[in-house]
Each structure stands twice: as structure tokens, then as C-alpha cells.
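Asks: Let the hints inform the model, and build the full structure from the sequences given.
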Amino acid sequence: MDGPSADRFAGAPPLVLRGLTKAFHRHPVVDQLDLTIRPGELYALLGPNGAGKTTTMRMVAGLLAPSDGSIEVFGIDVLAEPQRAKQLVAWLPDEPLLYDKLTVLEYLEFVAALWSVPPEVAEPRAEKLLKGLELWDHRGDRCETYSRGMKQKACLAGALIHDPALMLLDEPLTGLDAGIARRVKDMLQERARAGCSIILTTHILEVAERLADRIGIIANGKLLAEGTLAELRILSGAGQASLEDLFLQLVSDPATA
Amino acid sequence: MVFRPGSIRWFLAHDLRVTWRTWFQRKRRKRRISIPAPLIAITVVLAVTLALGVPLAIAIGETAIVATPIVAVLIGGAFFVIFTLMMSQTFVTAVDVFYERGDLDLLLSSPISPTRILVARAAAMAVNPALLFGGMITPVVLPLAILGHPHILAAYVVIVALALSATAVDLAIAIGLFSAIGPRGTRTAAQILAAIVGAALVIVAIFLRSFEGAEDNVFSAAWLNDLAQNDNLPALVSVPAEAVLGSPGPLAIIVVFALSAFAAVGLWVGRRFSRDAAAANRADTARRRTGRGDARFGASSLRATISKELRLLLRDPGLISQVVLRVVYVIPVAAVVLMDRDDTATIMPFLVAGAATLLAGQLAGSIAWITLSAEDAPEFLATSPVPIRAFWRAKLAVATGVPALLIAPVLVVLALTEPRAAMIGLVGSAASAGSAALINLWLQKPSRRTEYRRAMQSNFGATVLELATSVSFAATAGLATAGLVHAWIPLVVAVTVPALAYRSEGAIRERMTAAA
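First to last, the sequence lines map onto chains A and B.
Per my numbering, the first sequence starts with residue 406, numbered consecutively.
Per my numbering, the second sequence starts with residue 21, numbered consecutively.
These are calculated hints, taken from the structure and not from any lab test.
Watch out, some of these pointers could steer you wrong.
[To be verified] Sample of chain A residues lacking proximity to chain B, with all beta carbon distances greater than 12 Å (derived):
1. Q437
2. G480
3. A495
4. S521
5. V526
6. I609
7. A630
8. A635
[Unchecked claim] Output of the computed footprint for chain A on chain B, the stretches with three or more beta carbons under 8 Å from beta carbons of chain A:
9. 164-177
10. 402-408
As the structure is a prediction and not an experimental result, all values here were calculated from the model.
Cβ coordinates follow ideal geometry from the N, Cα and C atoms, glycine included.
Replies: Okay, structure coming up:
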């Protein structure tokens with residue numbers, strides 16, 4: 406799998422959030438969030454429903470304007486230069502965004518054109534992605550005939566076709582069968598090894614435990630804790646507790662929340 | 021009121037609750053100020069009652085209303101129109117009963133008989149037109165009933181009977197289409213048929229006016245006079261009027277007919293409901309190969325977006341039929357104008373220039389509405405590095421390009437004999453199409469394309485402005501072709517109207533964000 410060269414953006418961290426806040430009707434959904442993602446890192450953002458994970462991701466993707474704070478992608482101010490920042494980012498929402506009447510190949514053509522991927526790069530990459538995600542045999546079928554899992558895979562292919570340097574994945578494994586979920590996990594790890602930074606949200610704690618280099622736990626819009634699994638265990642004084650135990654302890658502890 | 025779970029009434033209450041909640045939610049989202057929809061409806065009915073119904077009831081006073089030939093034909097005609105409109109209203113819903121998954125999988129997997137589910141769903145379909153048209157006749161019926169003619173309340177019974185009959189007929193046609201052309205084509209055919217049924221009365225009325233002699237025109241004074249003196253109307257013609265006026269026999273005939281038709285169709289369709297719904301589901305999810313699977317990478321973002329929009333339009337016959345039907349409605353009007361005149365040769369050039377201008381605006385407006393507002397992946401576009409203005413340009417290019425392709429041959433033919441008229445038609449069409457497309461850009465109302473198919477959404481404000489501007493440009497083109505200096509008057513209107521719709525890029529973005 407090809408990927409962004411690690412030194413393409415040497416020096417600037419892939420993502421820096423400072424004091425990021427988003428309030429709806431004066432109620433803060435994301436509250437003074439500080440977060441830094443390192444190059445080539447797979448970062449899992451965990452939290453209960455309504456914790457502010459998706460809102461944070463949507464602000465980074467440029468879909469929501471923050472109420473306060475700053476977002477930098479590889480040193481680029483997302484609010485000041487959204488187009489430049491978006492060139493480096495891929496966003497995969499939990500609900501697949503596809504055109505029902507297009508085939509997956511036509512969808513990839515469209516995405517590649519938006520990110521100005523040269524045809525000599527886009528074409529073989531599309532083939533490789535679709536074969537890897539077991540969609541090649543369905544490349545001429547309209548997306549309206551796909552199952553939810555197939556749509557999710559098609560969207561993932563769209564997110565990868567322009568070789569992003571930072572990927573924002575909201576529940577990327579939802580609706581995938583075990584075999585494909587494993588393939589997607591392997592693919593994400595390959596991308597991270599190739600230098601792509603990935604931030605993902607998931608409710609499947611086992612995924613975060615196995616995949617993530619670092620884990621951030623968010624509740625009520627605030628980052629409660631972050632670090633590797635070992636660091637989180639030390640932080641909570643929980644010995645050899647599972648991530649599930651740590652997570653439940655952190656989000657239910659009023660002192661941290 | 022609590023009904024026995026699993027009974028038809030229980031299913032009916034469930035269906036109505038879901039339908040109305042969805043409807044009210046959609047209406048609330050549309051309005052800036054939240055006023056309950058029933059309150060608006062009651063206010064409108066009350067206002068019309070006071071303005072129209074009460075004076076009419078006072079004028080009629082104690083005079084007995086009897087089904088004279090003229091009353092019979094007028095009431096019968098009105099209720100025939102209502103029946104046709106009801107059919108048009110429930111037709112797409114009748115077909116969607118089989119396609120809309122929603123809770124259908126849950127219901128059909130339950131131990132309840134599919135017939136019961138279908139009958140309840142069909143009854144729910146009938147309730148909405150019954151309420152709508154019941155509300156519409158209220159301003160006339162209620163004052164009459166209160167001021168001395170209580171028997172006219174039977175009109176509500178007739179309305180309910182018509183709603184049940186219309187639903188039964190629609191379900192029967194839906195099943196007929198299912199059997200004849202299969203589940204895949206049925207939905208599209210139903211959309212086209214529904215629109216044609218809705219427009220049929222207008223089209224037929226226009227042609228009747230056009231082809232009959234002026235003195236024999238339907239609803240002309242002479243025609244009404246003849247009718248008033250006709251004592252030998254067939255009994256069938258007077259049955260609806262007598263039923264509306266509360267005559268027990270005719271009322272019983274209509275009620276028994278409606279209930280029998282509804283029950284018969286309900287039982288017939290109910291028996292095959294499970295099987296047909298499964299077939300519809302398969303048709304929706306069956307593999308639909310579109311090409312050989314070749315890729316054509318390397319287009320610019322503009323070309324890629326244009327190509328995407330064209331593919332989406334061409335592959336959605338349901339949506340495209342809604343667009344094309346707008347043209348179909350205009351054709352009879354144009355034909356009538358043409359046929360009403362003796363000096364066809366003289367008026368031909370300005371008529372063609374005007375009609376081309378009108379069509380260009382209407383088509384561009386419809387297509388722009390779909391390409392700009394019906395976007396399946398707005399978030400995806402928003403996360404791409406391409407500025408939103410670039411997408412708008414591409415979508416406007418499609419909206420104006422398609423009408424250009426359709427109208428160009430007409431103007432080319434016109435240019436062979438009337439180059440000046442063709443040139444004016446060309447300029448008028450371009451201006452009309454451009455204005456209509458821009459109105460839809462400024463007043464766009466983002467929503468997923470699937471929602472458009474289901475709700476046939478439209479923006480009333482945009483439609484009115486778009487019609488006003490294209491009609492004004494058409495008038496300008498027509499008058500200019502005829503060499504009349506008065507052409508500047510509609511031109512001023514045509515240029516002013518789009519200005520009313522203008523929104524800055526920031527305002528459009530705000531609207532899009534709010535919709536998201």
C-alpha cells in the first residue's frame with residue numbers, strides 16, 4: 406500500500422487542537438479541547454454517546470465552525486485556509502455518503518478529480534483499493550444496490566483514493582463483517598506505518614485496544630485522559646484492567662468528568 | 021383511545037401517528053416561526069368560511085337545495101374533480117406501500133396477517149385526502165348546514181367514500197402495473213401516471229375549449245343555459261349530487277360502492293402483499309450494472325462534477341419524469357394558443373421565440389432545483405478541497421446546458437426562415453434559463469435526493485419567482501420578435517424578479533449548514 410511519505414510534512418504535527426469549543430444553544434458540546442496527533446499515529450477517540458467525538462471530527466473536517474479555539478492540520482490553520490487543509494484530509498462519517506445512482510468506480514473517479522489525483526496514479530490505486538476491499542467484481546454496479554457494509558467499504562475507498570496524510574474516521578467498522586473488518590484494520594495499520602495519521606472514533610473498545618497507538622477518552626466535551634493503554638492503566642491506578650474497565654471507570658468518575 | 025394491538029384500527033392509528041409526525045416535523049423545519057400546522061389550517065378554513073361560505077349560506081337562506089340538472093352537473097363535476105385529485109394524491113403512495121421499507125420488514129415478519137396490515141395502510145392512505153378535501157369543502161358545507169340545510173353534511177360522507185374509492189382504484193392500478201411491467205418499472209410509471217392524472221383535467225379542459233365551437237364551450241353561458249333546460253339527465257349523473265344533498269338512497273349507493281371496492285381490493289391485494297413487497301425489495305436491491313466497469317480518471321473537478329450530475333439525472337427516471345412533465349403541461353397551452361388563431365403563419369415566429377424562452381426557464385429551473393438542492397453527499401463535497409462555488413458553477417452549467425441542447429434544434433429550424441426571431445429566442449432562452457437557475461441557487465434548500473423522490477419536495481417561493489421570471493422573459497422575447505416597443509415592460513419584471521431572490525454566498529452557506 407502506498408502512502409504519504411512521512412517527511413512530506415516534516416516538522417508540523419498532523420493535527421493540533423487548542424481550546425477547541427463548540428456550543429449549541431450555549432450548551433458546550435466540545436469544551437476547551439486540547440489535542441495533538443503525532444505523525445503516523447493511530448489515535449482512538451473514545452467516549453460515551455454525546456461525548457463530543459463526532460462534533461470534534463466534524464470541526465476538523467471543516468463541516469462545523471468552532472465557537473472558539475483553533476485547529477491546525479500540518480501547521481495549516483483550518484479556519485483560515487480550509488481548502489489547503491482539506492487537500493490533506495479524508496473524512497469518513499459513520500453514515501456512508503455515496504451517490505446511489507453512481508457505480509463505485511464512477512464515485513472514485515469523482516473523488517479523484519476533486520482531490521486532483523493524476524489519472525496514472527488514480528486508476529491503479531482504485532483497482533488496488535477495490536480489489537483489497539472485495540468490491541472489484543461490483544465496480545460496475547450502482548451503489549444503490551450495495552449492502553450497508555459494501556457502502557461503507559466504497560466510502561473507505563473514496564477516503565483512500567487521494568492518499569490523505571490525515572484520516573478522520575467516525576466508526577469506520579460499523580456494518581462490516583468480521584473478515585472485511587479485519588482487512589480494514591490491517592489496511593489502516595498499513596496506512597499508519599506508511600506515515601498517515603489516523604484518528605478514529607469507535608464504540609468497539611477491542612478495536613481501540615488492538616489498533617490504537619494512543620487512546621483519548623472524552624466525556625461531556627472534555628478530554629478526560631489520553632495515552633497508551635499502559636499509560637492509562639498507570640493513570641487510573643488500575644493495574645492490569647482491560648480498556649473496557651478503564652473506560653467505564655473514567656467516564657463514570659465524577660472527579661474526572 | 022386504545023385499540024386492540026394487532027387490529028386494523030390499531031395499525032391505522034399507528035400509521036397515522038407516524039405519517040403526521042413526519043409531516044408536521046417537515047413543516048416545522050420549513051418555517052422560521054413555529055406555528056402548529058393544525059392552527060394554520062383551522063385559521064385558513066375559518067377565514068374562507070367567513071369570506072365565502074357564510075355570505076353564500078345567507079344568500080341561499082331557506083331556499084331548498086335540490087338536484088336540478090345544473091346543480092347535479094356542477095356538484096357531480098366538482099366531486100369528479102376531487103376524486104381525480106385524490107387519485108393523483110394517493111397514487112404514488114399506493115405504489116410506495118410496496119417499496120417503502122420503513123417498518124414493513126418488521127410488520128411482515130410479525131405474526132399478523134399481511135391483509136390486515138395492507139388494509140390498515142390503505143385506510144391510512146385514504147384518511148389524508150379525506151381530511152384535506154373535507155377541510156376544503158368545510159367553508160361552504162358548514163355554514164349551509166348550520167343555516168338551515170343540515171342534510172348537506174352528507175357531503176363529508178361522500179368525501180370519505182371518494183377517498184376510499186380512490187385508494188382502491190389506485191391500489192388496483194398499482195397491482196396491475198406490478199403484474200404488467202414488474203416492480204422495477206412500476207414506481208417510475210406510477211410517478212408519471214400520477215402527474216398525468218393530476219394534469220389531465222387541466223389539459224382536457226384546455227383542449228375542450230380549443231376544439232369545440234366557442235358557443236358550445238363547456239361552462240360557457242350557452243352551455244349552462246342548455247343544461248338548465250334539460251330535464252332528461254341520466255340518473256347516474258344526478259346520484260353524486262343527491263348523495264351530497266343527503267338523499268338516503270344515492271348516499272347508500274355511493275357508500276356501499278366505496279366500501280365494497282375498498283374491501284375487495286384490500287382482500288385481493290392483501291393476499292399478494294407479502295409476495296409483491298418482497299419482489300419490490302428485490303428490485304430495489306438487485307444488481308444494476310451500468311457499464312463495463314471502465315474508469316475514466318483524470319477529469320478536472322468541473323468536468324467530473326458535470327459528469328456526475330448528468331449521470332445522476334439520467335439514471336433517475338422518477339426525478340427526470342417530474343422535470344419533463346413540467347414541459348408536458350406547457351405543450352397543450354402552447355398548442356391551444358397556436359390553434360386558436362387563424363393567422364398562424366404571422367404569429368409563429370414570436371410564439372416560438374416566446375415558447376422557447378419559457379421552456380428554457382422552466383427546464384433550467386427544474387434541473388437546477390434538483391442538482392443544487394438534492395445532493396446526496398453534501399458533507400463529502402464540503403470536506404473536499406474544491407471551493408463550494410466551483411460545485412455551484414458545475415451544477416448551473418448542467419441546469420442551463422440541458423435546456424440549451426433541447427431547445428437549440430427548434431431555434432436552428434426557426435433561424436432558417438426567421439433569423440431575427442431565432443436570435444431573440446436564443447438571447448431570451450439564455451436569459452430565462454440563467455435567471456431561473458440562479459433563483460434556485462440563491463433559494464436552494466439542501467436535502468438528500470432520496471428525500472426528493474419520496475416527498476417530491478419543492479420550494480414554493482423559488483417556483484413562483486422562477487415562473488414569473490421565465491414568463492416575463494418569454495413575453496419580452498415574443499413582443500420583441502413582433503417588433504413591439506412594449507417589450508421593455510416585461511423585461512423590467514424579468515430582471516427585477518431574480519433580484520428578489522438574491523442571497524450572498526454567506527447566506528446560502530448558512531442555509532446549507534442549517535439544513536445539515
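Asks: For each hint, tell me whether it holds in the structure or not.
Replies: Quick rundown of the hints versus the structure:
Every C-beta of chain B lies more than 12 Å from that of A/Q437, the closest at about 23 Å, which supports listing it as non-interface. For A/G480, the shortest C-beta to C-beta distance to chain B comes to about 16 Å, beyond the 12 Å cut-off, and the non-interface label holds. Remark: the non-interface label on A/A495 conflicts with the geometry, its nearest Cβ contact in chain B lying 8 Å away (cut-off 12 Å). The claim that A/S521 lies off the interface is violated: its Cβ sits roughly 7 Å from the closest Cβ of chain B, which falls inside the 12 Å cut-off.
Once the 12 Å rule is applied to beta carbons, A/V526 is inconsistent with being away from chain B; the minimum gap is 8 Å. Interface exclusion of A/I609 from chain B stands, the closest Cβ pair being 23 Å apart, more than 12 Å. Even its closest Cβ contact with chain B, about 29 Å, leaves A/A630 beyond 12 Å, as expected for a residue assigned away from the interface. With a least beta-carbon separation of about 34 Å from chain B, A/A635 lies farther than 12 Å from that chain, consistent with its non-interface assignment.
A count of 0 residues in the region 164-177 of chain B with a Cβ less than 8 Å from any Cβ of chain A is obtained; the coverage claim is therefore unmet, three being the minimum. Look at the region 402-408 of chain B against chain A: 6 of its residues bring a Cβ nearer than 8 Å to a Cβ of that chain, three or more, so the hint holds.
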